[in-house]
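Chemist: So the chains spell out like this:
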Amino acid sequence: MNFYITYFIIAAGLFAFVGIFTLFGVYAERKISAFIQNRLGPTETGKFGSLQTLADIVKLLQKELIIPAAADKVLFMMAPGIIFIAVYLGFAALPWAPGLVPSHINIGLYYVFAIISIETLGILMAGWGSNNKYSILGAMRSAAQIISYEIPAGFAIISAVMIAQTLNLQDIAMQQGILSAEKTKFLGLWDVSATGGILAWNVFQAPHLLIAFVIYFIASLAESNRAPFDIPEAESELVAGFHTEFTGPQFALVFLAEYSMMFLVSMVGVVLFLGAWNTPLPNIGSVTLATWTTGTIWGIIWMLIKTLLLVGVQMWIRWTLPRLRVDQLMNLCWKVLTPLAFACMLISGVWRLWVM
Amino acid sequence: MKSKNKMIKRALNGLITAWKGLSLTIKHLFKSNSKREIVSITDDNYFKKQGNTNTIQYPKQQLPVPEVGRYQLEVEIDDCIVCDLCAKICPVNCIDIESIKATEVIGQTSDGSKKMLYAAKFDIDMAKCMYCGLCTIVCPTECIVMTNQYDRTVFELKDLTYEFSDMSPEDAAEKRILLEKQQAEKQAAKLAAMKQKESGA
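Protein sequences appear in the order of chains P and H. According to the numbering used here, the first sequence is numbered sequentially starting from 1. According to the numbering used here, the second sequence is numbered sequentially starting from 1001.
These aren't lab readings, by the way, just hints derived from the structure by calculation. Beta carbons are placed, not taken as given, at the ideal position from N, Cα and C, and that holds for glycine. Among the hints, erroneous ones may be present.
Using 20 Å as the maximum straight-line C-alpha spacing, the simulated EDC-like pairs for lysine to aspartate or glutamate come out as follows [to be verified]: (1) H/K1115 x H/E1156; (2) H/K1006 x P/E237; (3) H/K1114 x H/D1079; (4) H/K1031 x P/E29; (5) H/K1121 x H/D1166; (6) H/K1115 x H/E1142; (7) H/K1158 x H/E1104; (8) H/K1009 x P/D327; (9) H/K1027 x P/E29; (10) H/K1088 x H/E1104; (11) H/K1035 x P/E64; (12) H/K1088 x H/E1098; (13) H/K1101 x H/D1079; (14) H/K1060 x P/E29; (15) H/K1181 x H/E1104.
Listing some non-contacts, in silico: residues in chain P with all C-beta distances to chain H over 12 Å [claimed, not checked]: (16) M1; (17) G41; (18) G99.
Label pairs and their calculated CB-CB ranges [stated by the list, open to error]: (19) P/I10 x H/Q1062: 50 to 58 Å; (20) H/L1063 x P/A114: 33 to 41 Å; (21) P/K133 x H/F1155: 38 to 46 Å; (22) H/I1056 x P/P339: 31 to 39 Å; (23) P/L210 x H/K1048: 40 to 48 Å; (24) P/I66 x H/Y1150: 32 to 40 Å; (25) H/V1039 x P/K63: 19 to 27 Å; (26) H/E1156 x P/M78: 55 to 63 Å.
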């Protein structure tokens, strides 16, 4: 029985975290975009406008829920829920610190990628259910884009998995620091099992994973429908794409899903390539920085810092690069990223056989 | 082979240009984000101030406008001779004047013109006004002017109708009665004179 209570508490905690992150993320996005464009962003609500997103969410929740007359009511009502739940469930398998993971499953990575693919279904439901040309166009683009980009993302992930030899996210995290049971080698040459720190991260254990990480990062931008791959929303062409018709709490849910997706894909990237909850500080002789900064609290702190940095990069990219055209998007995916990801996978195999 | 080279070149070029853009935006992100310093447009440094944050935090900060700015209309009713020229020239009919003839010269404007009319009503509907300034040009006594006031935000549309007449309705009624009386007297005098003429002839 206690078992289930713990589960509920963990689920509620994750939901609260996702909600708080979304509030913070929207605020950060507004401020970053404002500073990039030499503006000030929100300044009026609270100190430096910090309560702006809270005010926004209160406003959104009070709004009327409008269902278009011609909409498919069942699909329309269910879509935001499915979009959000698909992303939210992904958090279940992600490790936060040594020994701290909501669900310790040995196919964690596989599960995460399977469950966030369901988001496409929700987006298609939203587009179709709205019975609106722009919505369906956005949904179709989104489906095409997510399915396409899952291939380079998948191969980039496989190249990391081949190095790690496991799908368990907690084990992958463990291998990238001083807690590793196996030997970790910096660039495959220098044994850094005791040194740890940034040297033991996957991207430095096998340098070709740096390319795999970039491929994964680009593909994750496309999977979370972020600029420059935001053609499913494309506000200048499609009003707001698949979520044009949503109002009030449903719109809030779609927004929540978008921001939690940003956090989720960044977190997966951090776990696979950037050392998960491991500290970037190495042990240097008697100054055992890595040992000092490893632990449950430290794990959560490093995880948050790394993930938020990646989220910050996502925002930075969004406010810099213009949107890609559909053909450019597909060109990039199939002609550049996919072959490169294949090459990475090949190098991973060779690396595993001859170097490690 | 050639086309392959071209493609790789294009992909590389894409990455390089993307990096150029990203480095530009990150520079702006960490540039000073202090509030904009407000200087007049006549200042030599005006355009240099735009390198920083551009936003003017409006009600808290305001760009100085010259004293001779031409925004809201203002009427110095003591100087008005109620000639109605401004109402006539107004292209959008936003000036509404009702005059009452005085029984005698009421006074003088500051430039020495005689005032012969009371302004029972002198309303300017600023919601209609198109700020052409024609009324200020035709005014013979220069009593209608444009000021440098530009922010008159109101909660109700009728508040944008500015009433410049300083006469109370009772005053106006009294003056009307006086005028009627005088006209009646004049009429009577006229009639009497005509009668006298007739009887004399």
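Chemist: Check the non-interface label on P/G99: least C-beta distance to chain H beyond 12 Å or not.
Modeler: holds, 37 Å
Chemist: Mind checking the alpha carbons of H/K1121 and H/D1166 for me, to see if they're no more than 20 Å apart?
Modeler: Given pair H/K1121, H/D1166 holds - Cα atoms ~8 Å apart, limit 20 Å.
Chemist: Take the C-alpha atoms of H/K1114 and H/D1079, compute the straight-line distance between them, and say whether it is at most 20 Å.
Modeler: holds, 10 Å
Chemist: Could you say whether the range 50 to 58 Å given as a hint is met by the Cβ separation of P/I10 and H/Q1062?
Modeler: holds, 53 Å
Chemist: Taking 12 Å as the cut and beta carbons as the points, is P/M1 off the interface with chain H?
Modeler: holds, 51 Å
Chemist: With a cut-off of 20 Å on the C-alpha distance, tell me whether H/K1031 and P/E29 pass.
Modeler: Cα-Cα ~17 Å, so holds.
Chemist: Check the following: the C-beta atoms of H/L1063 and P/A114 are separated by a distance inside 33 to 41 Å.
Modeler: violated, 57 Å
Chemist: If you draw a straight line from the CA of H/K1009 to the CA of P/D327, is it 20 Å or shorter?
Modeler: holds, 18 Å
Chemist: Is the Cα-Cα distance between H/K1035 and P/E64 20 Å or less?
Modeler: Judged against 20 Å, a Cα distance of about 37 Å means the pair is violated.
Chemist: CB of H/I1056 to CB of P/P339, is that within 31 to 39 Å?
Modeler: violated, 51 Å
Chemist: For P/G41, which was marked as not at the interface, is the minimum beta-carbon distance to chain H over 12 Å?
Modeler: P/G41 not clear of chain H: closest Cβ-Cβ about 9 Å, inside 12 Å.
Chemist: Could you grab the alpha-carbon distance between H/K1115 and H/E1142 and see if it respects the 20 Å cut-off?
Modeler: Holds, at roughly 14 Å.
Going through the hint list in order, the structure does not satisfy hints 1, 2, 7, 10, 11, 14, 17, 20, 22, 25, 26.
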